[in-house]
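**Q** Same order as they appear, the protein sequences are chains A and B.
For the first sequence, the positions run 1 to 206 when this note's numbering is used.
For the second sequence, the positions run 1001 to 1228 when this note's numbering is used.
These aren't lab readings, by the way, just hints derived from the structure by calculation.
Do not take every clue at face value.
[To be verified] Some but not every residue of chain A turned toward chain B, in silico, with C-beta under 7 Å: (1) Leu19; (2) Lys28; (3) Cys36; (4) Gln44; (5) Ile99; (6) Val164; (7) Ala170; (8) Ala178; (9) Tyr194.
[Claimed, not checked] Here are a few chain B residues that sit away from chain A, every Cβ distance over 10 Å (derived from the structure): (10) Glu1060; (11) Leu1076; (12) Leu1078; (13) Phe1130; (14) Gly1137; (15) Asn1191; (16) Tyr1194; (17) Ile1197; (18) Gly1198.
[Said to hold, decoys possible] Straight-line Cα separation of at most 35 Å, DSBU-like style, residue types lysine-lysine; simulated pairs: (19) B:Lys1089 with A:Lys90; (20) A:Lys128 with B:Lys1156; (21) A:Lys133 with B:Lys1156; (22) A:Lys133 with A:Lys28; (23) A:Lys128 with A:Lys28; (24) A:Lys28 with B:Lys1149; (25) A:Lys28 with B:Lys1156.
Glycine is no exception: its CB is placed at the ideal position from the N, C-alpha and C atoms.
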Amino acid sequence: MTVTARQQGLARCLSCGKLCRMPEPQAKHRAHCPRCNRAVSYRQNASLTYSWALTIAAIALLVPANMLPILTVVSFGQGDPDTIMSGVIKLWESQLQAIAAVVFIASVAVPVAKLVVMLLLMVVVQFKLPLSKQQCTLLYRFIHFIGRWSMLDLFMISILVTVVHMGNIANVESGPAALAFGAVVVLTMLAADYFDPRLLWDLEHE
Amino acid sequence: MPCGAAEGILLYNNPMTEYSTFARDSLLACPDCDLLLQVDSVPAGSECHCPRCDALVHGENTYRNDVHLAAAISGLLLFIPAVTAPVLKFTMVGQWGSNSLLSGVWRLWTESEQLLALLVLLCSVLAPFFHLLLSFGIALVLRFSRLPKTFPDWLKWHHWMQGWSMLEVYAMGIIVAYVKMLDDGDVFVGNGTYCLIGVLLSLILCNQFFREEFAWQRWEQRQQELQT
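Work the whole structure out from these sequences, hints included.
**A** Take a look at the structure:
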């Protein structure tokens, strides 16, 4: 038989991990962790609402991030703006397949995979779908782990625009997609932070 | 190592009959699935995983303060050259260009990409710096057992900085940028990169050797001392 902390009136503090005794449900005051004094609740407050809002915003921004130019390389007055995908294709065509794969994974595959997984997890909780909780938890840990690697493209842009800044000879400029892409990365990281994986396991006890 | 009777660790999950005002530390809730676990003793140097969802519920209980402190100091010493010295140098038909972490941020700022500049500044400079600084402070006060009243805030900020510090991703960005520029001219690795590798190693050591739970328990002891 499995017993959760919540069934026993206990909650884990999100900040320090201390197991706290919760007050009776009718109590007016909010419970605070005796160790770190942060407000404690059974589950992350409004977890699903925040996750939905942040994920939908990220999906909307994914469109300009991929359609608009992210980088323009001008060499001796010649050069076209590149979107994320056309940059990957150019790398692939210039025999840099390994780097093309790295950029593709970090800038295209990871953000899309994160959003798809977030949607899946939220749909599972929202509509109480009978999916394997172990596998959903694995997916949740996976997106938490890979989320930060999407910043790769932005760091690379910051390096390239600074190093290749030589007036008429060669110049690299960032495009409007860079900001949209940065917003996608931040929003998906926050969405994953707000999602409480314990909501998945709560379905087992209903 | 999964927890279970086979490893000589008594672990069971049963309804409790008695509580103290706040739960004892042998009683834990899994952070990922909320399963209530009783962990009676974990041998030094081993970890404890949730039997239901395999989350780490109890990390290693050995804390090496000396390594933590040494790593934080080395990281801080290398930090200023790491963000100001050139990371990559590039030459093309007699023209030179180079970048450092800070000049990269400044270039984005002057290119009217202020928000992007702030994001890059946070993830590649501010978060790693405050992560190291707070690691240093935490290791120091733990060493001399003089925890200040604001210690819980230190730990919370340390945790937050840890999440936004992305120097390892920046290092990967250097490699990608290096290979991208190889075709068009000569690229050289600057001193900033070597310092950056040092800072990165210090950060990894700090993360490997710091035990947040240990720090929280020391704070709890301090709270009890203050009350008596």
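**Q** None of the hints should be skipped; say for each whether it holds.
**A** Structure-based check of all given hints:
1. Leu19: 4 Å, holds
2. Lys28: With Cβ-Cβ at 20 Å, over 7 Å, it is violated.
3. Cys36: 4 Å, holds
4. Gln44: 11 Å, violated
5. Ile99: 5 Å, holds
6. Val164: Val164 of chain A check passes; min Cβ-Cβ to chain B is 6 Å, inside 7 Å.
7. Ala170: OK, holds: Ala170 of chain A within 7 Å of chain B, min 6 Å.
8. Ala178: 6 Å, holds
9. Tyr194: 13 Å, violated
10. Glu1060: Glu1060 of chain B is indeed farther than 10 Å from all Cβ atoms of chain A, at 15 Å.
11. Leu1076: Label holds. Min Cβ-Cβ 22 Å, cutoff 10 Å.
12. Leu1078: 19 Å, holds
13. Phe1130: With a cut-off of 10 Å, Phe1130 of chain B remains clear of chain A, as the shortest Cβ separation is near 17 Å.
14. Gly1137: Non-interface label stands for Gly1137 of chain B: nearest chain A Cβ at 17 Å, farther than 10 Å.
15. Asn1191: 15 Å, holds
16. Tyr1194: The claim stands: Tyr1194 of chain B keeps its Cβ more than 10 Å from every Cβ of chain A (closest is about 16 Å).
17. Ile1197: Given a closest Cβ separation of 15 Å, the condition holds.
18. Gly1198: 18 Å, holds
19. B:Lys1089 with A:Lys90: Distance of about 23 Å is within 35 Å: holds.
20. A:Lys128 with B:Lys1156: Status holds; Cα separation ~33 Å.
21. A:Lys133 with B:Lys1156: 30 Å, holds
22. A:Lys133 with A:Lys28: With Cα atoms ~34 Å apart, Lys133 of chain A and Lys28 of chain A stay inside 35 Å; holds.
23. A:Lys128 with A:Lys28: Holds, at roughly 30 Å.
24. A:Lys28 with B:Lys1149: Answer holds: Lys28 of chain A to Lys1149 of chain B is near 28 Å, not above 35 Å.
25. A:Lys28 with B:Lys1156: 27 Å, holds
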